[in-house]
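Residue numbers (the numbering used here), protein chains in the order written: chain A, 1 to 363; chain B, 1001 to 1163.
Honestly, the hints are just simulated from the structure, not real lab data. One or more hints might be untrue.
[Stated by the list, open to error] Think about it this way: if two alpha-carbon atoms lie no more than 25 Å apart in a straight line, the pair counts; the simulated SDA-like pairs of lysine to any residue are:
id: 1; chain 1: A; residue 1: K102; chain 2: B; residue 2: K1007
id: 2; chain 1: A; residue 1: K60; chain 2: A; residue 2: G103
id: 3; chain 1: A; residue 1: K60; chain 2: B; residue 2: A1136
id: 4; chain 1: A; residue 1: K60; chain 2: B; residue 2: I1098
id: 5; chain 1: A; residue 1: K29; chain 2: A; residue 2: D62
id: 6; chain 1: A; residue 1: K60; chain 2: B; residue 2: L1100
id: 7; chain 1: B; residue 1: K1007; chain 2: B; residue 2: P1094
id: 8; chain 1: A; residue 1: K60; chain 2: A; residue 2: P111
id: 9; chain 1: A; residue 1: K60; chain 2: B; residue 2: K1007
id: 10; chain 1: B; residue 1: K1007; chain 2: B; residue 2: F1144
id: 11; chain 1: A; residue 1: K102; chain 2: B; residue 2: H1003
id: 12; chain 1: A; residue 1: K29; chain 2: A; residue 2: L76
id: 13; chain 1: A; residue 1: K60; chain 2: B; residue 2: A1123
id: 14; chain 1: A; residue 1: K60; chain 2: A; residue 2: G73
id: 15; chain 1: A; residue 1: K60; chain 2: B; residue 2: P1094
id: 16; chain 1: A; residue 1: K102; chain 2: B; residue 2: D1095
id: 17; chain 1: A; residue 1: K60; chain 2: B; residue 2: G1093
id: 18; chain 1: B; residue 1: K1007; chain 2: B; residue 2: P1134
id: 19; chain 1: A; residue 1: K60; chain 2: B; residue 2: D1095
id: 20; chain 1: A; residue 1: K60; chain 2: B; residue 2: E1096
id: 21; chain 1: A; residue 1: K60; chain 2: B; residue 2: F1144
[As the list claims (entries may be wrong)] Covered by chain A, per the in silico footprint, the following chain B stretches (three or more residues, Cβ under 8 Å):
id: 22; region: 1043-1055
id: 23; region: 1071-1082
id: 24; region: 1144-1155
All values derive from a computational prediction rather than experimental measurement. Glycine is no exception: its CB is placed at the ideal position from the N, C-alpha and C atoms.
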Amino acid sequence: MSRTLTLLGIESSCDDTAAAVVRATGDPKILSSVVIGQTALHGSYGGVVPEIAARAHAEKLDDCVSEALDRAGLALGQMDGIAVTAGPGLIGGVLSGVMCAKGLAAATGLPLVGVNHLAGHALTPRLTDDLPYPYLMLLVSGGHCQFLIVEGADRFRRLGGTIDDAPGEAFDKTARLLGLPQPGGPSVQAAAAEGDPGRFRFPRPLLDRPGSDMSFSGLKTALLRERDALVAAQGGLYERDRADMCAGFQRAVTEVLAEKTRRALAEYLCLAPRHPALAVAGGVAANSSIRAALDAVAQWAGAAFVAPPLALCTDNAAMIAWAGIERMQIGLVDDMTLAARPRWPLDNGSAPMLGGGKRGAKA
Amino acid sequence: MQHDVLKRLFLTTPEDTDRLGHWFARTLRGGDTLLLEGGIGAGKTHLARAMIQAMQARHGRAEDVPSPTFTLVQTYEAGPDEIWHADLYRVGGPDEVIELGLHDAFGTAICLVEWPDRLGADAPEAALKVRLTPDAEGRRVEFFGAAPWADRLASLAEVAADA
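Bound-form chain A, shown alone (with noise of 0.2 Å):
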């Protein structure tokens, strides 16, 4: 690529503050990577707290920039530009990142690189991986999911992506109903691995349909039906019908994907790419069932298949500072007018449509 460059990143429009430092040479790397979550506050809430407050975005940030700093051995002034997620997300977060980066662009005179938090996600397969264009992209995660090709740093067209819950969501919601510990992921998928996916056939909606939408919510409703008619039959749920239902449950999500992403790989092959690959991030990726079924579907079209290091598939902001280094060796640098985007999608081209047919893009 061209010249080196160091970006600090700084991310914080979901639940988590986060700030890193990357530096693209030949071979990117990441400097540093701080993030601060609410991982602790998880398990007497049953789900994760979000961070509501701006100010108190503000306070973490100033300490996880500082770190990520400390960590990469580097001073805010050996920094050539500054990434900042400017959406989506929650508002108060996004807010005190711009104004964070904002502050630091304006007291050393660094370019802003303002990012789509859905676009760092998107591009860290080529951080990781250098994965070349065009690449198939699904991200799949606690908020998100949609099936992405991957043209540019900003070029984005999205195939298609779930019409209600989230997978993430539906793993969280399972966990739920089900008693069983936030988050949902990986205990979900720890009760599976005892139960048989046999015993409770639950629905695969739109998989009949053509195209790779897809729909999560009507699983969430026959999982709480099924657990209503036991508990009414027997008086509670065995453990036994605790982990049948986790694996029906994540067999239903495993093949909704498994299916919808042969289609999405169908229709990205037609572009004839040199170097075929289907790349998935976010944390749903570190579901070991979902994982083997992708691998297996870009296996069967030729394509290689490339997941990211977790830490780099959920929140962080290493992706940020890479997505950054990247829109500024296209020579796409924001000013002080960067406006956090509360709904920002990635793909504005391709026109949502009411029915069956393709969706716009979402969040």
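Chain B: place on chain A using the hints.
Okay, now just chain B, sitting in the frame of chain A:
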């Protein structure tokens, strides 16, 4: 804020829930707040989504209506009206709701609020409470609210059978 039940319905199928959403889309106006009560899987988001999409369709707009569980609040436009769709499950209490700006939206926007118990005493007095309960294959719906809602709910009979 304690009100008597104004009306009860039984929704047999998901399509019945859609029809109720469409009825609300014709009825709601800026300043109305619906408090959507019920556990996980009761159909709160399903009903809200049907309303939002029907309101947008009348103005030639169409957007995805993702679950607001992670983002807490999603806002939409439908003609002159702004719609706020909130899920307060992850919110700790009334203090945190203030940070979301929901109080500013009450009284001007159309507000659809899931897990409204987090509002505590801050729930708007004029709101309509819609309680959803799964029942066999269908859903029971109960409506609670101040007197003006009794009149406004009068034409609900066309949507589904009384329960």
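Results of checking the hints against the structure:
1. K102/A x K1007/B: Outside the cut-off at roughly 53 Å; violated.
2. K60/A x G103/A: 15 Å, holds
3. K60/A x A1136/B: 48 Å, violated
4. K60/A x I1098/B: Judged against 25 Å, a Cα distance of about 20 Å means the pair holds.
5. K29/A x D62/A: Since the Cα atoms of K29/A and D62/A sit roughly 23 Å apart, the hinted pair holds (cutoff 25 Å).
6. K60/A x L1100/B: Distance of about 19 Å is within 25 Å: holds.
7. K1007/B x P1094/B: The hint is violated at about 28 Å.
8. K60/A x P111/A: Holds, because 23 Å separates the two Cα atoms, which is no more than 25 Å.
9. K60/A x K1007/B: At roughly 48 Å apart (the allowed maximum being 25 Å), K1007/B and K60/A break the hint.
10. K1007/B x F1144/B: Holds, at about 7 Å.
11. K102/A x H1003/B: 50 Å, violated
12. K29/A x L76/A: Status holds; Cα separation ~17 Å.
13. K60/A x A1123/B: The hint is violated at about 31 Å.
14. K60/A x G73/A: 20 Å, holds
15. K60/A x P1094/B: 23 Å, holds
16. K102/A x D1095/B: Between K102/A and D1095/B the Cα gap is close to 28 Å, so the pair fails against 25 Å, i.e. violated.
17. K60/A x G1093/B: Judged against 25 Å, a Cα distance of about 22 Å means the pair holds.
18. K1007/B x P1134/B: Satisfied, since the Cα-Cα distance of roughly 17 Å is no more than 25 Å.
19. K60/A x D1095/B: OK: K60/A and D1095/B at ~20 Å, within 25 Å.
20. K60/A x E1096/B: 18 Å, holds
21. K60/A x F1144/B: Given pair K60/A, F1144/B is violated - Cα atoms ~42 Å apart, limit 25 Å.
22. 1043-1055: holds (count 5)
23. 1071-1082: holds (count 5)
24. 1144-1155: Answer violated; 0 residues pass the 8 Å Cβ test.
Of the numbered hints given earlier, the model fails hints 1, 3, 7, 9, 11, 13, 16, 21 and 24; all others are met.
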